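*Asks:* Okay, here's what each chain looks like letter by letter:
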Amino acid sequence: MKVKNIIKLVLAGVLIFSLIYVYRSVFPGKRNIGTEKAEFKISASDLRDSMAIAEIALKYSDKVIVVQGTVSAINGTSINLDQAVEAILIADPSNMVKEGDQIMIKGRCVGFDDLLGEVKLDQASLIQ
Amino acid sequence: MIFRQLPIVVIFLLTGLLSAQERYLDKSGVVVFEASEELFEPVKAKNESVTVILDPQEHTVASLALIRGFVFENSLMQEHFNENYIESDRFPKAIFKGEILDFDITHLNESTREYTIRGTLEVRGNIYEISPVVEIQKVGDVISIQGGFSVKPGYFDIKIPKIVENKIAKTVQVSLDFKLAKQ
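Protein sequences appear in the order of chains A and B. The first sequence: position 127 = 127 (the numbering used here), numbered continuously. The second sequence: position 183 = 183 (the numbering used here), numbered continuously.
No lab work stands behind these hints: they were computed from the structure.
EDC-like mimics (lysine to aspartate or glutamate), calculated; alpha carbons at most 20 Å apart, straight line: (1) A:K30 / B:E48; (2) A:K59 / B:D89; (3) B:K46 / A:D92; (4) A:K59 / A:D46.
Between beta-carbon pairs, the in silico distance windows are: (5) A:D101 / B:K170: 46 to 54 Å; (6) A:G100 / B:S175: 34 to 42 Å; (7) B:S175 / A:A52: 27 to 35 Å; (8) B:L39 / A:D101: 44 to 52 Å; (9) B:K152 / A:L11: 43 to 51 Å; (10) A:A12 / B:T120: 57 to 65 Å; (11) B:D89 / A:N32: 20 to 28 Å; (12) B:I163 / A:L115: 35 to 43 Å; (13) B:V139 / A:D92: 17 to 25 Å; (14) A:K63 / B:Q57: 33 to 41 Å; (15) B:S75 / A:L15: 23 to 31 Å.
Calculated from the model, a selection of chain A residues having no Cβ within reach of chain B, i.e. all distances over 12 Å: (16) K4; (17) I7; (18) G13.
Just so you know, these numbers come straight off a predicted model, no measurement behind them. For every residue, glycine included, the Cβ atom is placed at its ideal position computed from N, Cα and C.
Work out the full structure: start from the sequences and follow the hints.
*Replies:* Have a look at this one:
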């Protein structure tokens, strides 16, 4: 009788885990860029020069990358590096950086904006 | 001898400065699109990295939204959107170009006024004419534009597979929220 109960418990456990697994496969939630490991580390101006070429842009598109450069402007939650990369941050950075600072930002490479000749980065955060 | 020509030189310099093109720019404009069907999972995505440029002299607006910039709550839906529906590796951007009808920047102030922007939207290599109605106001050196329009996937040759037809609304609602700062 005891064994029967243990078997029932185990089967119930397996069933619950299977249901959770299937649910998570169908509704995976939002991608968490902050916890993903960066695939590339590159300077802002090198990134802009690379992404201006459509074929090379695909290499970085939708990837999590770390970009380093000098702050040329801060606008709300956006930081512009070397007038080459516009990064939209998750949190307001104005208390932590100012124009002229050399910083590193981790974010998702969204693509190349050819209206302004800049790369867009989103879901970004400052790296110490 | 040079002093005789100085006034003319000064006038040329001044007109050069005065005719500098003034424009308004937003690099983190917000565009949301929604095509949800009641009873099914919401089909909704938000792009917070849209570039919008307004030229007050020409009354024109130009805007670029990177397709990858549209973030869905469900990352699987986002993958399908990019890979199957839009093919964003082939068509990475949505571009809008238009003219704001009856626009005069000197008439703008803190109260919102309604305007129509007549223009074209290009997605997936297909161009479609749209005329979004927007509310525009100006507070200090910032012009804010809010409004929306609706389109159908068919306008841009976006094919919805039969198997999900019922889960996606026939008409996609698009909303805009831009804050353009003077450059």
